[in-house]
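Colleague: Those protein sequence lines, which keep their order, are chains E and F. Once you know that position 93 of the first sequence is 93 in the numbering used here, the rest is easy, because the numbers rise by one and skip nothing. Once you know that position 68 of the second sequence is 233 in the numbering used here, the rest is easy, because the numbers rise by one and skip nothing.
Treat the hints with caution; some may be incorrect.
Said to hold, decoys possible - Pairwise CB distance ranges (calculated): (1) F/E314 - E/K137: 34 to 44 Å; (2) F/E314 - E/D126: 35 to 45 Å; (3) F/A167 - E/A94: 39 to 49 Å; (4) F/L428 - E/A94: 48 to 58 Å; (5) F/Q496 - E/T16: 44 to 54 Å; (6) F/L474 - E/A94: 30 to 40 Å; (7) E/E91 - F/T502: 55 to 65 Å; (8) F/Q360 - E/K79: 51 to 61 Å; (9) E/E91 - F/Q360: 48 to 58 Å; (10) E/R122 - F/V365: 44 to 54 Å; (11) E/A121 - F/K303: 17 to 27 Å; (12) E/K79 - F/T212: 19 to 29 Å.
To be verified - With a straight-line cut-off of 30 Å between C-alpha atoms, the simulated BS3-like cross-links for lysine-lysine are: (13) E/K79 - F/K211; (14) F/K395 - E/K129; (15) F/K211 - E/K80; (16) E/K25 - F/K395.
Said to hold, decoys possible - Taking beta-carbon pairs under 8 Å as the criterion, some of the chain F residues facing chain E (in silico): (17) R201; (18) G313; (19) L327; (20) C330; (21) P331; (22) N363; (23) G366; (24) I390; (25) K395; (26) F515; (27) P516.
Just so you know, these hints were derived from the structure itself, not from any lab. All C-beta atoms, glycine included, are put in the ideal place defined by N, C-alpha and C.
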Amino acid sequence: MNCDVCKQKPATVFLTQIVDGKMQKVNLCDACSKEKGVTDPKGFALADLLLGLGASEEMERGGTGLKCPMCGFSQADFKKTGRFGCSNCYEVFADGLEAMLKGMHKGTTHTGKVPQRLLKARQHADELKRLQRELRKAVDDEKYEVAAQLRDQLKHLEPGAVGEV
Amino acid sequence: MALHNILAESGEWLSGDGPQSHIVISSRVRLARNLRNFPFPGWAKKTDRIAVLECAKPQVESLPEMADAYSAYSQDLSALEKQVLVERHLVSREHAAKGVGSAVVMNRKQTLSVMINEEDHLRIQGIRSGLQLKNVFKLVDKVDTALGERLDFAFHQQYGFLTACPTNVGTGMRASAMMHLPGLVLSEQINQVIQAVNKVGLAVRGLYGEGTEALGNLFQISNQITLGEKEEEILTRLNKVIEQILNHEVNARASLLQKRPVLLLDNIGRAFGILRHAHSMASKEALNLLSCLKLGVDLGFFPEDGRLLVDQLFMETQPAHLQKSSQQKLQAEERDTLRADIVRTKLAKFPKPDGKKAIERGKDERKEKDEKDGGETV
């Protein structure tokens, strides 16, 4: 997680402030936190200035006036709440999201658990793709016996998938 | 099963028999999950929230883990009952503020609770005594897998499980341990520890989570990152850091015994005196003094059989538990009086602190250590 101000050094100071019931977070490296006086309790009001560099600003870079067609959630709503409206918002606001997630997490790609249902569907799709690729190669290489075997496997996996090749 | 029956028994995590439970009070893991085709609770209209609730609640209730469960709509719980659940860490403060459209389902042992329509559609939470994050994860993971087969969870190819707040996206997992760290506080090392923990991307929070004070020398250590790391990786890293803090706390206590016995005797003695003789006590003060008493038991200043009593008082002196036991709503002043009364009564037969043996033992250990170290250099 890098510093929100210099974007270079790793953040070591994590500031959470609740202003008017809204939670705002800012991550700073040692040097920037000292420079901005965040470690000094009296200087905490300065954080307001810093918070302008937080998540909501990143979102705005993705373009303003955007609205989720599924739930009607807008950029301004995100700025107000720091939350999304529905799962589709992750697609709608994808532009600003990457930069924001980078600042919060370790990369922007999930590597953990996948729901069982999707896992099966994904394995199925991967297998389908692999067989189709091999089939195409076998045909190109004029290995028709192999191609016939692959076609049978494909048929078995998903009837109708062979026609797409 | 009625709520009062569940609450009459203290939860498993309060029994304090988990690994390292003298210092690690509890391990907690929660998973945030949402249903694909509904807006998140904070943005959803009441009808959508109710639709999610009616879809998810029966599925949660039918889990084998919830065979002996208590389940309630939020509007059917009184403010006091909700607060009791918050104090037991079975629902969050945010969830306690909800009304129509939300619900909670929990098992009788109080190790598993599922909040419906909190910030996310589902918050699956496990909590156990002591340091056993991986066991707790196993429990919530199993429940999540079962629910994932019946409910259409919002899952993104790249971002993983989608959550209302982007700080939870990916695994949707927040794992934490509640640690009792009076040694590090008394030896003034706690701030260094907090800074070091923050440096490795973990958070330190107070008793009731985000934005709360560290009362009673109780600190929650939790992961911040939920995206880009596997659940097991997050847990392993967190566990390692917790074990290190645990070691630091043990060392801090040993060092205080050897080098600053008067500080310990004074803190524990004063806590004992006030707890035994006060007639009005705010819950903050009670937590801080009970923390000293607990440290006294850990160090052997008090007999071991006093431990359960002290641990129970931590919970019984919390505002909602206090009012629940008195069966009525009380003003702050009345609560403080009642709290002091309860503490005085329960501690009436508690023996005076006796630090002699512990301090002698500390000295001997130091001597041995010095001799050993000296021997090695020769």
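Colleague: With reference to the structure, classify each hint as holding or not holding.
Modeller: Here is how each hint holds up against the structure:
In this structure the supplied range 34 to 44 Å holds for F/E314 paired with E/K137, their Cβ-Cβ distance being about 37 Å. Roughly 21 Å separates the CB atoms of F/E314 and E/D126, a value that falls outside the hinted 35 to 45 Å. With their beta carbons about 48 Å apart, F/A167 and E/A94 fall inside the hinted range of 39 to 49 Å. In this structure the hint that F/L428 and E/A94 lie 48 to 58 Å apart at CB holds, the actual value being about 56 Å.
Checked against the hint of 44 to 54 Å, the pair F/Q496 and E/T16 fails, with Cβ atoms roughly 32 Å apart. A beta carbon spacing of about 56 Å between F/L474 and E/A94 contradicts the range 30 to 40 Å that was offered as a hint. Taking the beta carbon of each, E/E91 and F/T502 are about 57 Å apart, inside 55 to 65 Å as hinted. As the Cβ distance of F/Q360 to E/K79 is approximately 31 Å, the hint placing it in 51 to 61 Å is violated.
Checked against the given bound of 48 to 58 Å, the beta carbons of E/E91 and F/Q360, roughly 38 Å apart, lie outside it. Judged by the Cβ atoms, the range 44 to 54 Å given for E/R122 and F/V365 is violated: they are separated by roughly 32 Å. Between E/A121 and F/K303 the Cβ separation comes to about 25 Å, which falls inside the hinted range of 17 to 27 Å. Checked against the hint of 19 to 29 Å, the pair E/K79 and F/T212 passes, with Cβ atoms roughly 26 Å apart.
Between the alpha carbons of E/K79 and F/K211 the distance comes to roughly 23 Å, so the proposed pair stays at or under 30 Å and holds. For the given pair, F/K395 sits about 26 Å from E/K129 by alpha-carbon distance, which is consistent with the 30 Å threshold. A threshold of 30 Å between alpha carbons decides the hint, and for F/K211 with E/K80 the separation of about 20 Å falls inside it, so the pair holds. In summary, the hint linking E/K25 to F/K395 is supported, as the alpha carbons are separated by about 24 Å, within the 30 Å threshold.
A least Cβ separation of about 6 Å between F/R201 and chain E falls short of the 8 Å threshold, and the interface hint therefore holds. Hint status for F/G313: holds, given a least beta-carbon distance of 4 Å to chain E, under 8 Å. Checking F/L327 against chain E by beta carbon gives a least distance of about 4 Å; that is within 8 Å, so the hint holds. At its closest, the beta carbon of F/C330 sits 5 Å from a beta carbon of chain E; the interface hint therefore holds under the 8 Å criterion.
Proximity of F/P331 to chain E holds as hinted, the smallest CB-CB distance being about 6 Å (cut-off 8 Å). The interface hint given for F/N363 is met, as the beta carbon of that residue sits about 6 Å from the closest beta carbon of chain E, less than 8 Å. Residue-level restraint check for F/G366 holds (minimum Cβ-Cβ distance to chain E is 6 Å; threshold 8 Å). Here the hint on F/I390 is kept, as its CB sits about 5 Å from the closest CB of chain E, short of 8 Å.
Proximity of F/K395 to chain E holds as hinted, the smallest CB-CB distance being about 5 Å (cut-off 8 Å). Against a cut-off of 8 Å between C-beta atoms, the interface hint on F/F515 is violated, since the closest Cβ of chain E lies about 38 Å away. The interface hint given for F/P516 is violated, since its Cβ lies 41 Å from the closest Cβ of chain E, which is over the 8 Å cut-off.
When held up to the earlier numbered hints, the structure conflicts with 2, 5, 6, 8, 9, 10, 26 and 27 and fits the remainder.
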